[in-house]
Each structure stands twice: as structure tokens, then as C-alpha cells.
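With chain V fixed as given, assemble chain A onto it according to the hints.
2 protein chains.
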Amino acid sequence: MKKTSIVSIGNELLNGQTVNTNTTYLSSELLSIGIPVVSSYTIGDDVDAIIRAFNLAVADADIVLVTGGLGPTDDDLTRQAFAGYLGTELQLQAELLDRLENFFKKRNLRMSEKNKIQAYIPAGAKVIANNLGTAPGIMAEVKGKLIFALPGVPSEMKRMFAESVLPELQRFTGEQAVVVRKLRCFGAGESTIAELLGDACKRGRNPLVNCTVEYGIITLHIIATSRDKDTARQMAEKKEKTIRNTLGELVYGTAEQCLAEVVGEKLARQGKTIAVAESCTGGTVAGLLTDIPGASKYFTHGWITYSNAAKTSELGIAADLIEKYGAVSEQVAQAMACNARKKVRTDFAIGITGIAGPDGGTEQKPVGLVYISVDSDNGCDTKRCLFSHGRRSIRLRAAQTALNMLRLRLNI
Amino acid sequence: MKKTSIVSIGNELLNGQTVNTNTTYLSSELLSIGIPVVSSYTIGDDVDAIIRAFNLAVADADIVLVTGGLGPTDDDLTRQAFAGYLGTELQLQAELLDRLENFFKKRNLRMSEKNKIQAYIPAGAKVIANNLGTAPGIMAEVKGKLIFALPGVPSEMKRMFAESVLPELQRFTGEQAVVVRKLRCFGAGESTIAELLGDACKRGRNPLVNCTVEYGIITLHIIATSRDKDTARQMAEKKEKTIRNTLGELVYGTAEQCLAEVVGEKLARQGKTIAVAESCTGGTVAGLLTDIPGASKYFTHGWITYSNAAKTSELGIAADLIEKYGAVSEQVAQAMACNARKKVRTDFAIGITGIAGPDGGTEQKPVGLVYISVDSDNGCDTKRCLFSHGRRSIRLRAAQTALNMLRLRLNI
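Residue numbers (my numbering), protein chains in the order written: chain V, 8 to 419; chain A, 8 to 419.
Just to be clear, a hint being listed does not mean it is correct.
Remember, identical chains collapse to one label, so a pair may be satisfied in a single copy or spanning two.
[Unchecked claim] Derived lysine to aspartate or glutamate pairs resembling DMTMM-like cross-links, with alpha carbons at most 25 Å apart:
{"no.": "1", "residue 1": "279", "residue 2": "388"}
{"no.": "2", "residue 1": "10", "residue 2": "81"}
{"no.": "3", "residue 1": "209", "residue 2": "19"}
{"no.": "4", "residue 1": "245", "residue 2": "202"}
{"no.": "5", "residue 1": "245", "residue 2": "206"}
{"no.": "6", "residue 1": "304", "residue 2": "330"}
{"no.": "7", "residue 1": "209", "residue 2": "81"}
{"no.": "8", "residue 1": "236", "residue 2": "247"}
{"no.": "9", "residue 1": "350", "residue 2": "327"}
{"no.": "10", "residue 1": "9", "residue 2": "53"}
{"no.": "11", "residue 1": "152", "residue 2": "53"}
{"no.": "12", "residue 1": "189", "residue 2": "163"}
{"no.": "13", "residue 1": "152", "residue 2": "55"}
{"no.": "14", "residue 1": "189", "residue 2": "19"}
{"no.": "15", "residue 1": "165", "residue 2": "221"}
Read the hints as simulated data drawn from the structure, not as lab findings. Being a predicted model, the structure only gives us computed values, none of them experimental.
Okay, chain V solo, but in the shape it has when bound (with noise of 0.2 Å):
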């Protein structure tokens, strides 16, 4: 099996101002394709140090994917340690240079002296096109390993990944293509689902199926490996078929899709409007729903009716009821979705009351314990859940129950 090591480079990753999301990034797109990261090494801006980490990855891998480093300024050194590591001099690459000066003058600026470094990359090495920005990637084949220098840019490290190593990767790897496809889960444990979909994890299986876990959303990774691109892409295609097949509902999309974006695109496709009326979450499903692009198209109100004051002057919720149930009640957080709808008229309308903590639980009434409610046309659905891991696990559980809610009363 090949393997893979990374190398970041930078001061900025080491005096505590930037985490380094760039490794974890690669890791996962890496283990999804089959070629897992063994290990990974942060060094600063030093040239003498960046050369040291070459010779470490190199020793420890077959691929080798370093990042940063690659910008216009005199800490910038990835390019000439890459040439050192070589053993060859920095070139001026005429195509990089026209190419440099066209990105300026397009956006109506002044080239500085400075960029001119980027457009020389050692000899020997090959030019990583950057379509977002102008520091260029580096790539050179040494002793039958690869050895690839990317930006440390997320965005532009990203989709040169995407668009030149990863190919670069599947050549590299023998005469296979690889096809991934990931599918996005929400609604069950990973373990259930694992145990749902039995044998199909199994490793060493074509395609390969596996799973990462983030807040409660569970990613499906679909590898599939073969001669060539047509068969692996009928194979994931007919592998995710029966995954979709097996999982059914818990399944709510595909690739980086989040809730409130699945839920966003469902709503404005369909022509309806949402309400939602909060007390626990204290405006976080709003927060989750508003923070995709064209949200107004179907968010119209919300209410944070977080006092039981609230409660009735804003949504009409009898005291009474209250009084009888508590503010923490399947009743009131029904009460709270039936009138948010009833008073603005929309479509749909969430309600959720609940203890976030860490303080207000009792025995009866935990602290983590949450009432969701999901008003339409069709009718008042309404979940009793049992969150944990504190305050802001619960709060976050809680909002993205509510919007799975909302999904399954939309696939209608």
C-alpha cells in the first residue's frame, strides 16, 4: 500500500495564530482514495529546516504533500527549499511569468518586484497550475516518489488537490482510477449504521466504504477502484444505490452538504416558508438556516422567546399551560411551533424548548433534555430527545435535530 506524509510549512502554524485544518484536510481526502497520511511534520519558515523535512517525508512515504510557503514575500522559502532538496537551481518559467502578469493586470493592479519569484520554480520540477491565486504548486518525481508543494491557502490548496494532484495520485497509485462519492448521514449512531449496512464496511472490500463522524453528521466515504474511470464511477454509483437503498431517510446528501443547506434547497424549491421559535438554542437553528446564501427566500421570522414572559406575549402561550406542563413540556414547545405558524402564516414552523445547562436540570427534567416541535399543514410532529456533552453540544444537537425534522417533513 502507498503511503503519504505531510510537511506544513510556516511561523504562523507554530506561534499558536493558525490551526493547522490544511493536514486534516489532506488526511481525509487521502484515506478516502486509499493512500493514508503515516505522518506529518510542521516546521517554520527556514530553509535549512524545510530541507530536513523533506528528507524525514521522503524517508517515511511515497507520496509527499507539503503546503505553504509558496507566497511572494522573503519568508517564503518552500520554493528554494524544494530546489535544495533537488539539488538544482530556481528557473525562470516565461509561461508562469506571463501568466503572473495577466492575473494583475485583469484585476487592474500593479504587479510588484516581488511576485517575480513566483514564476520561478526549481529545474526539473513541474508547474502546479493555481487558478485562484498567484502562487503556483511545485511538483517533481524523485527516485519514484512524489513529491508535490501546494499553497498553504486553504481555498487554492484545495482545488489544486483537487484538480492536479489527485489525478497526479491515481496515475501514481498503477493503472487505477479511483471514483469517490460521499454521502451524508444524519439521524443515527455510527455504529447502527455501520451495523445497517454490514459487510459493505468491511475493509479490503471494492469499493471501500468508509466513515467519519463530525457533531452528530456521519460522512460515508464510496472508494471505488478500477481499470478504468467509466467502471469505478458505475461501481460507486451502484455501491452509493444501495447504500441509499439500506439507509433510506438517514441519508440527506452528498459531498460538504450541511443540514440547513439540504433543508434551504428543499424550502425554496418547493415554494414554502419557515418560522422558528426558540427558547433553548437561543436563536441557533435561525443562526444555522440564515447562514446559507438566498435564506430569505423562505426564513421569514423567528422568535428567541427565551422567559416564559416571551413565551406568551410574543407566541400567545397560555400561562396556564405552562404553569401546568413547565416551560420544559411537549406541550409548549408544540404550543410554540402551532402559534409561530398560526400568527405569520408560514408553511412550516419549529418549536424547541429545553435545559442547555449547566444549572436548571432536575430529576424529571435533566439537564440536555429538549422538546422539538415540527408544525404544518399535516400536522404537530413532536421529538422528546436526551442530549449531552454540555451546553454547546446540546444546544447544537439540539438545532440540528430539529432541521432533520423539517428534512423528512419535506421529502413529501
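Only chain A this time, still in chain V's reference frame:
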């Protein structure tokens, strides 16, 4: 100058599941006491690879900080690797075993046989107490270099670093006592603050003042070094006073405080209440405020009046006013805050309206334009802001600016 190298251990760091925030945290803490991190190695759960990383780190630096791999399961191998690096054996520590057994007894849990391994440390090494979990840390001094191994769980790692590692580092860096104080600022850019502070921020000063920035929040680290702790503390306090005098209300808090926490404390202490009326931020201000435990003491009502109809129906804003000035205008922001406060009789109210983008901007009212009003008995202030860097950043910066305006009102 002393240097540090960090070794992070765990397969989860190399398969994309976990972002390595421990290294970022430690780098920032170490920089703040003047012991910069020069390299960072991440490897999987493999004894030989860990020993190799120990050797690399010891070659790079005077202090080596290792995190992860101290749990009770078979893939937790830092203990064994540490012994291997030292060329010694693991030895049972009777005291550690007692402590472990007590840990489980107190929680009415049965201790698994697996946990016993956590009572072993390499011969010749010292135990670092863990008051939050079962994994003790390990410390050893080799040829004048200090090696610390801490658990990977961030909460445990941070506490043990503060309680046990920092004091050791102070001993190790000579006869010096180091006192660090952090000041958190909002309302001006990094360069403005540096300009205001003048020489205080220059390298080589004592106290040293370092500056880090995250989402508009500027953290000043005041690092005072002296022969004895009392003198260092006095120096840090004196410098803090000078900086506070210079920056005035730009300083909003200390240590790890966020704006919502400081605002919440002030509201609670003064017995005041707050309501929030949001358009473009869509619940972000309410979300930040209610993220703080105990927010129900002062936060009562929130509205997300995303549509014009919602602004009229929920907050009684005249349709004429919206038509005349536009939904994104000083007049509407002001009406949102004033009407919200009048409606529910809170002491303060915030109104926010703007264009978060990516669409909806015009030449007169571009994407990023946000009006923020804060209303109280002392009148209504409105601020016109122009934020950038995309929808999320615009929304978050607008929300933080609103909290900061509220903070300044509460300073009276």
C-alpha cells in the same frame, strides 16, 4: 533562548478525524512565556515511530512536549515508547494504582483490567498528576533536556500543562519567574493598537507584549520575567495598568473571556435586561448571548425579523419607513432597537440590519453594509459599519460589534 518541539500522537490526527488544536494551544502558551516552538511532529500509534519522533524533537529543542497515547487501550503506546526512548522498563507505581482505583470507586464504576497500565511509568521518570481523568502524565530530564508527555484530551492536557508543566518550565529556564497576563481588546485593528502602544510592543522588552488576532478580537500577552515571582507579578501588573490607560475602552476583558461573557456579567451584576432584534445576523447575536450559562437572568426576548413583513408585524416598524429609507438603513436599525425595547420593556435593546451577501448589494448599499443600534434610557446610538470577507465573517463581525456597543453602554 530556549526552544520547544511538540510531538502529537494518534491515528485520529492522521486520518482526518481530529484537527490538531493541542499544538496550536501549546504553541501560543509557550510563545507567551518566551519559549517558541520550532517544530511539530505528528505520528500514528506505533512505538518505533514515536521513539523516532522523540529523537527528532530532542535534537530540535530543549523542551519536548508530547500529547496523546496515554489512554488505557492497546493502541495507546506513548508510555511504552517513552520507556523505549529512555532505554528503561515500565514500573508499577503503587500510588498511581491507588489513585486510579479511587477514581473509579468515587464514580461507582468498576475499574477495567486495561486501566492498570495507566499506573505504570518508565523507571526514572516522574508522574504528572491528572486531576480530571485517569491518564497520568510523564516527565523526564535527559541530558539537560525536559520531556513532558500529557494526555491528548484537550481539557486534561490544558489543565496539566498549566498546573504542572508551566511551573517546571520556569524552573528550567533558569532562576527566572515568568508571569503572563492577557488583555482582550475589541474595536480597533492590530496595527492601530500596536501604534497606540508604541515601544511597549518592541522585541526584547521586559515585560514583553505579544499580540495575536482572531475574528477581530486582539489578545495582548504581557510577559514579565524576573528573579522572583512577586517582582514579575508587579511588573506585569504595572504594564497592564499602563496598557489599560493607553487603550482605555478598547480593552474588554482578560484571559479567555469572550465579549458575550463580559456583557453578560455586566448585565447580571447591574440587574439589567436585554432584547435583540436581528435581520442580517439572523440570530447570531442572540446565539452568542445565550451560549453563556445563566443568560436567562438578563436575556429575555429576541426577534429575527428577516422579512420586511416581520419587521412590521413583530416590531411595529411602519412600512412607510422601510419604503422611504430601505430595510438596510440607519432609520430601520434604530426603529428595530427602540420598538423592541418599548414592546417588552427591557433596559437595553439591539437592532441590526444589513446585507450579508453574497447577493443583494448595490453601489449605494454594498454587501457588508450593516447598521447597528443600541437603545436604552440614555437614548439610541446607531453605527454604520462596512464588513468584508464573506457572509459568515460579515455576520459574525456585525454580531460582535453589536455586543461591543452594548458593553460600552454598560461601562457607565
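Hint check:
With identical chains, the CA atoms of residue 279 and residue 388 are at most 25 Å apart within one copy only, with a shortest distance of 18 Å there and 37 Å across copies. Taking the shortest alpha-carbon separations for residue 10 and residue 81, only the inter-copy value of 23 Å comes in at or below 25 Å, while the best intra-copy value is 32 Å. With identical chains, the CA atoms of residue 209 and residue 19 are at most 25 Å apart between copies only, with a shortest distance of 19 Å across copies and 40 Å within one. For the homomeric pair residue 245 and residue 202, the shortest alpha-carbon distance inside one copy (20 Å) is at most 25 Å, but the shortest distance between copies (62 Å) is not.
Taking the shortest alpha-carbon separations for residue 245 and residue 206, only the intra-copy value of 15 Å comes in at or below 25 Å, while the best inter-copy value is 66 Å. Taking CA atoms no more than 25 Å apart as the test, residue 304 paired with residue 330 passes between copies only; the shortest distance there is 19 Å, against 37 Å inside one copy. Taking identical chains as interchangeable, the C-alpha atoms of residue 209 and residue 81 lie at most 25 Å apart only when they sit on different chains, with a minimum of 21 Å there against 49 Å within one chain. For the homomeric pair residue 236 and residue 247, the shortest alpha-carbon distance inside one copy (16 Å) is at most 25 Å, but the shortest distance between copies (63 Å) is not.
Taking CA atoms no more than 25 Å apart as the test, residue 350 paired with residue 327 passes in both settings, with 20 Å inside one copy and 22 Å between copies. For a Cα distance limit of 25 Å, the shortest separation of residue 9 from residue 53 across copies, 18 Å, qualifies, whereas the shortest one inside one copy, 29 Å, does not. In the homo-oligomer, the alpha carbons of residue 152 and residue 53 lie at most 25 Å apart both inside one protomer (23 Å) and across protomers (23 Å), since each shortest distance falls under that limit. In this assembly of identical chains, the alpha carbons of residue 189 and residue 163 lie at most 25 Å apart only when taken from the same copy (21 Å versus 34 Å across copies).
In this assembly of identical chains, residue 152 and residue 55 lie within 25 Å of each other by CA distance both inside one copy and across copies; the values are 21 Å within and 23 Å between. For the identical chains of this complex, residue 189 and residue 19 are inter-copy neighbours only, at 19 Å across copies versus 32 Å inside a copy, given an alpha-carbon limit of 25 Å. Within a single copy, residue 165 and residue 221 get their C-alpha atoms as close as 20 Å, and across copies as close as 22 Å, so both meet the 25 Å cut-off.
In this structure, none of the earlier numbered hints is contradicted; all agree with it.
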